[in-house]
Amino acid sequence: MSRVKPPLRIGIPPMLSTVFFPELLTAFHQDHPEIAVVLEEYGSVRACDLVQNDTLDLALVNMEQYNIDKFHNVVLANDQVVFCVNKDHRLADKEIVTTKEMSKELLIFFNADSVQNQLLKTRFEMDGYIPNIVMRSSQIYTTLQFIKTGKYSCFLYSSMLDKFTDSEITGIPLNPPIHIKIGMIWKKGKYISGDMQTFLNFTRMYYREHPLT
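In my numbering, the protein residues as written are 27 to 239.
These aren't lab readings, by the way, just hints derived from the structure by calculation.
Please note that a few of the clues may not be correct.
Simulated DEER-style distance windows between Cβ atoms [stated by the list, open to error]: (1) I156 with H98: 21 to 27 Å; (2) I122 with T168: 38 to 44 Å; (3) M161 with E67: 14 to 20 Å; (4) K120 with P32: 49 to 55 Å; (5) D114 with Y155: 36 to 42 Å.
Bear in mind that the values here come from a model prediction, so they are computed numbers and not experimental data.
Glycine is no exception: its CB is placed at the ideal position from the N, C-alpha and C atoms.
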């Protein structure tokens with residue numbers, strides 16, 4: 027009797043998964059229906075920890091982390107953080123936005139294990155401002171519904187705007203910008219199974235042919 031192969035365990039942060047994984051996973055299953063994949067939702071910081079302790083095989087992460095060199099990685103996209111508001115918001119017509127301006131707004135941040143949160147908090151602290159965080163959430167669509175009221179603001183990646191916002195919401199680049207790399211990581215020294223290698227190769231190929239930005 028042949029043994030059933032365990033599925034690939036892949037960590038996906040809530041914000042990145044909405045952009046990266048639906049079409050990718052559909053295409054992968056079409057080409058490789060024999061390879062089972064289980065997706066588990068974690069922020070990038072937590073996902074890195076779970077790859078390191080072998081709970082996850084791979085993780086899609088924001089790579090702007092101090093410990094990213096501990097992992098093998100492949101960069102899939104370069105992006106930037108944008109400040110998102112309703113089109114009727116008082117800042118909606120600005121070409122760029124500063125921490126001083128953003129600190130006066132009602133801000134929705136993502137959950138605590140988000141690398142984006144760390145980058146933003148560091149930016150506010152360096153500029154001498156305290157962000158007015160009124161909500162923390164990992165739910166993209168819930169967050170966007172708050173933004174549409176015109177009273178709240180949030181931070182997304184620029185690659186998300188066309189996919190998950192509409193004409194009611196605009197994204198404004200930060201000044202200075204916060205650029206990020208998005209990539210797949212796996213543990214150094216870990217045995218790379220045939221299924222892992224197939225998934226990594228497919229992912230690299232897919233995003234060369236379907237770039238996000």
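Quick rundown of the hints versus the structure:
1. I156 with H98: 21 to 27 Å: Because 38 Å falls outside the window, the suggested range is violated.
2. I122 with T168: 38 to 44 Å: violated, 27 Å
3. M161 with E67: 14 to 20 Å: With a Cβ separation near 19 Å, M161 and E67 satisfy 14 to 20 Å, so the hint holds.
4. K120 with P32: 49 to 55 Å: holds, 50 Å
5. D114 with Y155: 36 to 42 Å: For Y155 against D114, whose Cβ atoms are near 24 Å apart, the range 36 to 42 Å is violated.
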